[in-house]
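J.: Sequence:
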Amino acid sequence: MKLEPSAIQLRFVPLERLLLHEEDDPYRTKRLMLTMQRDGKLRNPPIVAEQDNYYIVLDGATRTTALREMGFRDILVQIVDYNAQMIQVHAWNHVLAGLSHNRLLATLADVEGITLQPVDADAACRMLETYEIIACVVMRNGQWFAVLCDGEPHPDINRRAGLLCQLVAEYRGKTEVHRTVEVDLPMLIKEYRDLTAVIVFPSFTPAELSQIAIEGVKVPMGITRHVVAG
Numbered sequence: 087m088k089l090e091p092s093a094i095q096l097r098f099v100p101l102e103r104l105l106l107h108e109e110d111d112p113y114r115t116k117r118l119m120l121t122m123q124r125d126g127k128l129r130n131p132p133i134v135a136e137q138d139n140y141y142i143v144l145d146g147a148t149r150t151t152a153l154r155e156m157g158f159r160d161i162l163v164q165i166v167d168y169n170a171q172m173i174q175v176h177a178w179n180h181v182l183a184g185l186s187h188n189r190l191l192a193t194l195a196d197v198e199g200i201t202l203q204p205v206d207a208d209a210a211c212r213m214l215e216t217y218e219i220i221a222c223v224v225m226r227n228g229q230w231f232a233v234l235c236d237g238e239p240h241p242d243i244n245r246r247a248g249l250l251c252q253l254v255a256e257y258r259g260k261t262e263v264h265r266t267v268e269v270d271l272p273m274l275i276k277e278y279r280d281l282t283a284v285i286v287f288p289s290f291t292p293a294e295l296s297q298i299a300i301e302g303v304k305v306p307m308g309i310t311r312h313v314v315a316g
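Numbering of the sequence shown is given in my numbering, commencing with residue 87 and proceeding in unit increments.
Simulated from the structure, these hints should not be mistaken for lab results. The structure presented is a predicted model; accordingly, all values stated were derived computationally and were not measured. Beta carbons are placed, not taken as given, at the ideal position from N, Cα and C, and that holds for glycine. Careful, some of the hints might be misleading.
[Stated by the list, open to error] In the BS3-like style, the derived pairs of lysine-lysine whose C-alpha atoms are separated by at most 30 Å in a straight line are:
# : residue 1 : residue 2
1 : 304       : 260
2 : 127       : 116
3 : 304       : 127
4 : 116       : 304
5 : 127       : 276
6 : 276       : 260
[As the list claims (entries may be wrong)] Ranges between beta-carbon positions, derived for each pair:
#  : residue 1 : residue 2 : range
7  : 169       : 227       : 21 to 27 Å
8  : 218       : 116       : 37 to 43 Å
9  : 203       : 101       : 24 to 30 Å
10 : 139       : 187       : 17 to 23 Å
11 : 101       : 265       : 35 to 41 Å
12 : 218       : 156       : 24 to 30 Å
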């Protein structure tokens, strides 16, 4: 479904009414602030969904955070219907590169509240879809690990989001992180020669991301991918 130009809704709204569903990256925020100060403009308004007198940011967390830190009161946004067929929510996976196999596993094992358990690929994918696990780790050698929530076989959405933030925080800044939609190791190794592992994340529904944003919880930056037609 293609979004016609006449259907695009642009509106200035108060920044205080924007809710983020994902964490921000201070480094990227600072870099964008410097770019906007140099150019005197913001390219591409954030894409938001209106809900209960607030606006959930689907794409544009860094832009939103940068303008807030610069002291702006309002922001130009593009408003879309979160329940429309033209919007699809997918997951990004993280390719980790340049870290040793043993160091990565030791790093992830230190995350409080989670356990890594060896599992076969088919079972891991099934468990990810049914939320029995919060993520998967696919090592360069093809070994799969399920990331389990300690003591909770079916943790609620807020618990899963919090654990995912802890998981990503353990490796972000310690290794190269690249986003991908793939899990095909041979193909990814050709592209990333020093690939260590791929972290496979679950997909979230619009309702889940709305709940996360409204309740002030966040998922890690770079694991949700909103595709808006048009």
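J.: All hints, please: hold or fail.
T.: Status of each hint after checking the structure:
no.: 1; hint: 304 x 260; result: 21 Å, holds
no.: 2; hint: 127 x 116; result: 15 Å, holds
no.: 3; hint: 304 x 127; result: 28 Å, holds
no.: 4; hint: 116 x 304; result: 20 Å, holds
no.: 5; hint: 127 x 276; result: 39 Å, violated
no.: 6; hint: 276 x 260; result: 22 Å, holds
no.: 7; hint: 169 x 227: 21 to 27 Å; result: 42 Å, violated
no.: 8; hint: 218 x 116: 37 to 43 Å; result: 39 Å, holds
no.: 9; hint: 203 x 101: 24 to 30 Å; result: 43 Å, violated
no.: 10; hint: 139 x 187: 17 to 23 Å; result: 49 Å, violated
no.: 11; hint: 101 x 265: 35 to 41 Å; result: 26 Å, violated
no.: 12; hint: 218 x 156: 24 to 30 Å; result: 43 Å, violated
In summary, the structure is inconsistent with hints 5, 7, 9, 10, 11 and 12 from the numbered list given earlier, while agreeing with the others.
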